[in-house]
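2 protein chains.
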Amino acid sequence: MRVAVAIAPEVRELLRESPADVREFVEEIHDEDLADLMTMLEEDEAMILLEQLGADMAADVFERLDDKKQAELVERFGTERLGPIVSEMAPDELTDLVAELPDQVGDRLLETVHPDTAAEVEELLAWPEDSAGGLMTTEFLSVSPRFIVNEVIEHVRKQAADAETVYYVYGLDQDDKLLGVASLRDLILADGRTPFSEVMNERVINVAPETDQEEVSRTLRKYDLVALPVVDKNGKMLGVITVDDVMDVMVGEQTEDIQRLGAVEPMDHKYFDTSFWMMIRKRAPWLAVLFVGEFFTGTAMRAYDKVLEAVAQLAFYVPLLVSTGGNSGSQSASLIIRGLATGDITVRDWWRVLLRELGQGMVLGIFLASVGMGRVWMWGDGPRFIITVGITLVGVVLAGCTVGAMLPLLLRRIGLDPATSSTPFIATLIDVLGIMLYFTVARFALAELIAQHMPP
Amino acid sequence: MRVAVAIAPEVRELLRESPADVREFVEEIHDEDLADLMTMLEEDEAMILLEQLGADMAADVFERLDDKKQAELVERFGTERLGPIVSEMAPDELTDLVAELPDQVGDRLLETVHPDTAAEVEELLAWPEDSAGGLMTTEFLSVSPRFIVNEVIEHVRKQAADAETVYYVYGLDQDDKLLGVASLRDLILADGRTPFSEVMNERVINVAPETDQEEVSRTLRKYDLVALPVVDKNGKMLGVITVDDVMDVMVGEQTEDIQRLGAVEPMDHKYFDTSFWMMIRKRAPWLAVLFVGEFFTGTAMRAYDKVLEAVAQLAFYVPLLVSTGGNSGSQSASLIIRGLATGDITVRDWWRVLLRELGQGMVLGIFLASVGMGRVWMWGDGPRFIITVGITLVGVVLAGCTVGAMLPLLLRRIGLDPATSSTPFIATLIDVLGIMLYFTVARFALAELIAQHMPP
Numbered sequence: 021m022r023v024a025v026a027i028a029p030e031v032r033e034l035l036r037e038s039p040a041d042v043r044e045f046v047e048e049i050h051d052e053d054l055a056d057l058m059t060m061l062e063e064d065e066a067m068i069l070l071e072q073l074g075a076d077m078a079a080d081v082f083e084r085l086d087d088k089k090q091a092e093l094v095e096r097f098g099t100e101r102l103g104p105i106v107s108e109m110a111p112d113e114l115t116d117l118v119a120e121l122p123d124q125v126g127d128r129l130l131e132t133v134h135p136d137t138a139a140e141v142e143e144l145l146a147w148p149e150d151s152a153g154g155l156m157t158t159e160f161l162s163v164s165p166r167f168i169v170n171e172v173i174e175h176v177r178k179q180a181a182d183a184e185t186v187y188y189v190y191g192l193d194q195d196d197k198l199l200g201v202a203s204l205r206d207l208i209l210a211d212g213r214t215p216f217s218e219v220m221n222e223r224v225i226n227v228a229p230e231t232d233q234e235e236v237s238r239t240l241r242k243y244d245l246v247a248l249p250v251v252d253k254n255g256k257m258l259g260v261i262t263v264d265d266v267m268d269v270m271v272g273e274q275t276e277d278i279q280r281l282g283a284v285e286p287m288d289h290k291y292f293d294t295s296f297w298m299m300i301r302k303r304a305p306w307l308a309v310l311f312v313g314e315f316f317t318g319t320a321m322r323a324y325d326k327v328l329e330a331v332a333q334l335a336f337y338v339p340l341l342v343s344t345g346g347n348s349g350s351q352s353a354s355l356i357i358r359g360l361a362t363g364d365i366t367v368r369d370w371w372r373v374l375l376r377e378l379g380q381g382m383v384l385g386i387f388l389a390s391v392g393m394g395r396v397w398m399w400g401d402g403p404r405f406i407i408t409v410g411i412t413l414v415g416v417v418l419a420g421c422t423v424g425a426m427l428p429l430l431l432r433r434i435g436l437d438p439a440t441s442s443t444p445f446i447a448t449l450i451d452v453l454g455i456m457l458y459f460t461v462a463r464f465a466l467a468e469l470i471a472q473h474m475p476p
Numbered sequence: 021m022r023v024a025v026a027i028a029p030e031v032r033e034l035l036r037e038s039p040a041d042v043r044e045f046v047e048e049i050h051d052e053d054l055a056d057l058m059t060m061l062e063e064d065e066a067m068i069l070l071e072q073l074g075a076d077m078a079a080d081v082f083e084r085l086d087d088k089k090q091a092e093l094v095e096r097f098g099t100e101r102l103g104p105i106v107s108e109m110a111p112d113e114l115t116d117l118v119a120e121l122p123d124q125v126g127d128r129l130l131e132t133v134h135p136d137t138a139a140e141v142e143e144l145l146a147w148p149e150d151s152a153g154g155l156m157t158t159e160f161l162s163v164s165p166r167f168i169v170n171e172v173i174e175h176v177r178k179q180a181a182d183a184e185t186v187y188y189v190y191g192l193d194q195d196d197k198l199l200g201v202a203s204l205r206d207l208i209l210a211d212g213r214t215p216f217s218e219v220m221n222e223r224v225i226n227v228a229p230e231t232d233q234e235e236v237s238r239t240l241r242k243y244d245l246v247a248l249p250v251v252d253k254n255g256k257m258l259g260v261i262t263v264d265d266v267m268d269v270m271v272g273e274q275t276e277d278i279q280r281l282g283a284v285e286p287m288d289h290k291y292f293d294t295s296f297w298m299m300i301r302k303r304a305p306w307l308a309v310l311f312v313g314e315f316f317t318g319t320a321m322r323a324y325d326k327v328l329e330a331v332a333q334l335a336f337y338v339p340l341l342v343s344t345g346g347n348s349g350s351q352s353a354s355l356i357i358r359g360l361a362t363g364d365i366t367v368r369d370w371w372r373v374l375l376r377e378l379g380q381g382m383v384l385g386i387f388l389a390s391v392g393m394g395r396v397w398m399w400g401d402g403p404r405f406i407i408t409v410g411i412t413l414v415g416v417v418l419a420g421c422t423v424g425a426m427l428p429l430l431l432r433r434i435g436l437d438p439a440t441s442s443t444p445f446i447a448t449l450i451d452v453l454g455i456m457l458y459f460t461v462a463r464f465a466l467a468e469l470i471a472q473h474m475p476p
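Here the protein sequences come in this chain order: A and B.
Under this note's numbering, the letters of the first sequence match residues 21 to 476, in that order.
Under this note's numbering, the letters of the second sequence match residues 21 to 476, in that order.
For the record, the hints were derived by calculation from the structure and aren't laboratory data.
There's no promise every hint is true.
It does not matter which identical chain is meant; a pair holds if it fits inside one copy or across any two.
What the hints assert, rightly or not - Straight-line alpha carbon distances no greater than 27 Å define the calculated DSS-like cross-link-like pairs of lysine-lysine that follow:
no. : residue 1 : residue 2
1   : 89        : 290
2   : 197       : 256
3   : 242       : 253
4   : 242       : 88
5   : 302       : 290
6   : 242       : 89
7   : 290       : 242
8   : 88        : 290
9   : 302       : 197
10  : 197       : 242
11  : 256       : 178
12  : 253       : 197
13  : 256       : 242
14  : 302       : 89
15  : 197       : 89
Next comes chain A alone, as it looks inside the complex (with noise of 0.2 Å):
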């Protein structure tokens, strides 16, 4: 933000005084910190701003706004006066804008551009925002490959301006169907009189336009791609998805994952763009949902009301124990979760993690008891209460790792994101099961205290 920041003053005081001296003011600057800028100014100011950039470079900046800003303005200033900027947008861009207007503003926008652009908007909407399909762009640089080299570089000098990567060609026949691949640092070193043909590399990575957008990060990261062509299964090419896009892709994955994983529904929006009511409703469900598994936690102390009446001390263990069931699942659930976003597990190993995680459990469960051994024989409440803070201690551990990272695979098989099975969302779990096994495990080792301290 510092660049915008630093001209705005300056931008502003031209937009009022002399707007048509703005244009060669911010030639030199960033597309991207113009985008900063547009949204320091007021909406009026961004709209004269638009409009003295002129419709090409306009489109550029208007195309780095966020979904919403873009929608909000067009909604606004309506498509006379937007109508020419968003007519120069790359295609993909103009499909997430059509997506997140109301349905007639939309149309009516659709109906200002070329009717082409129109057409190919409404391909591109019919696939889901999280598929290869809702990512690609349909402006790519193609050749057939019977060009000699030197024609695709003038065919490439011809169309740069409209393609939205310039750093692969791609060789198609006369039905589109993807023969090759070369990258302009190929073109650059071949001779200029070699055809298309012999430069370009048959094997061509390349993914399925229903494949899911993690796929294609995973996909596009493993071969160091700057672009990854979608072709349909007849092996017609249908568009490319640009490395930047992948990013913002990864960047919105992650978000959502660590959202999840505090228990919070994901936010389209920034934090501080998203208004206090919304975030109220991102978080309000989950934390009810999570209150109301909690009162099983109630429902099973009350059903040893008996024994807690009989020997209080029994209750200041309580979130110890239940406490360290869930830390383990939460360790645990973070390292299966993370597994199966980067690809490192898959839910075909779940014997494997299972195995692992009764001896990571074991191990763990077996050190903290004899912690927490020592600290009961410290606060002096005798050797029964040392054995049964130790017994539970190894199985709350035990049943933490277990469930944690077992639910993780359960969600993925089902069809469900991994994250959901959240940190409070085990510890709840655990906190439940946990209650069970400690009074359960009190019952006997502390029987004769009990039946003394009983009520006759």
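Following the hints, position chain B against chain A.
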């Protein structure tokens, strides 16, 4: 892995029976798939495969193995057999390998490569691994701005094989000061006789070598770049950071964040690649810290033992109340931690965050209190219990939101990773606070009941 799995049997057979033919067989396979294949072969087979590929191609494959695997091969087969391959590696990749090796082995390895490369690696080793200097490579395309475009393209042709990225050409003066940048697209679009100085953009987005890798990743993402130059404080260009390395950084940082959030010390390797005891070492310390922290819940409850003995029912509500505080805290923490990571929130926003979270805590607290009071009423514990639970709930949710939101900001302020304020850590804090609040409220609201049951 599918490609690697498919070709593995045939490659193995070739390696056994006619190793000289293996190169032709794998020629068209992507380096990344060959790297996958390497991990599936026995180490001896892998070494023979590398030697058959020839140093140039072998280096491309070898680079894509993870640092640990690379180091294993070097330690096993020695610098004599791996020297020629290692010499062809990009300096940044070689630097990572040397950093992974024991000092002696690394030094011996550097003796086998060209002195210039060794000097570059020594220079790169000086930067911290997670800084721009640690990420950059020193191989990039540069020209004097006085060249004309045709000369520049000729130069690109000659150098392209060595440079990691050919998408940008940097204009440097005789002291390597960065004057401007042009993309390959700009060069192809320009007339061949134009001087480079007229084609290049003089406002080059760049980072300093000390810049933290998270900031590097944000900058590259913000401006949709494929490579980002690293420039020292005198304006001298030191290297470039490419988008594929940044994506690896993003994945690594995300893994760290999620593991920290789950109270696990970040692991260097994948789940199944981490040894059982290494994993225990990453988990046990945090579990132990949290466990000892939870001792204070016991201490807090003991402070109110008379109250508990008088009204044993009070214990039934402890897990419900403290976990609800922890849950709201984990929501706030995950929102703030993510906001800090993406740059949407900065430490200076702390009072805006505080105000908002106080409001959120109030609304969510009142909402949950009304549900909770209904449940107490159904359990039939009477109006004084209803009031105690209601007040405590508002209090713990308010405390949860505030602590959960402020702790990550505080950690960032003092230079620690905000994700260290993991969900379990916040839950532990709130557990202790919640118990103290609960019994304090209970002592007032239930004073009569307590007095009635107190032993004289």
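As a check of your reading, is residue 88 near residue 290 (CA-CA no more than 27 Å) within one copy, between copies, both or neither? within (11 Å within a copy, 38 Å between copies)
For the identical chains here, do residue 302 and residue 89 meet the 27 Å Cα criterion within one copy, between copies, both, or neither? So residue 302 and residue 89 pass the 27 Å test inside one copy only (21 Å; across, 44 Å).
Given a CA cutoff of 27 Å, do residue 242 and residue 253 count as a within-copy pair, a between-copy pair, both, or neither? Classified as within: same-chain Cα gap 22 Å, cross-chain 34 Å, threshold 27 Å.
What label fits residue 290 with residue 242 when the C-alpha limit is 27 Å: within, between, both, or neither? Cα proximity of residue 290 and residue 242: across copies only (15 Å, versus 29 Å in one copy).
Homo-oligomer pair classification [residue 89, residue 197; C-alpha up to 27 Å]: neither (38 Å within a copy, 39 Å between copies)
Could you place residue 242 and residue 88 in one of the four classes (within, between, both, neither) given a Cα distance threshold of 27 Å? between (32 Å within a copy, 18 Å between copies)
Residue 256 and residue 242: within-copy, between-copy, both or neither at 27 Å Cα: within (23 Å within a copy, 32 Å between copies)
Up to 27 Å CA-CA - residue 89 versus residue 242, copy category: For residue 242 and residue 89, the Cα distance is within 27 Å only across copies (17 Å; inside one copy 34 Å).
At most 27 Å between CA atoms: does that hold for residue 256 and residue 178 within a copy, between copies, both, or neither? within (24 Å within a copy, 35 Å between copies)
Which holds for residue 253 with residue 197 at a C-alpha limit of 27 Å: within a copy, between copies, both or neither? within (10 Å within a copy, 50 Å between copies)
From the Cα coordinates, with 27 Å as the cut-off, is the pair residue 197 and residue 256 best called within, between, both, or neither? Close inside one copy (4 Å), not across copies (47 Å); limit 27 Å.
Between residue 197 and residue 242, at a C-alpha cutoff of 27 Å, which is it: within one copy, between copies, both, or neither? within (24 Å within a copy, 34 Å between copies)
Consistency note: the structure conflicts with the earlier hints numbered 9 and 15.
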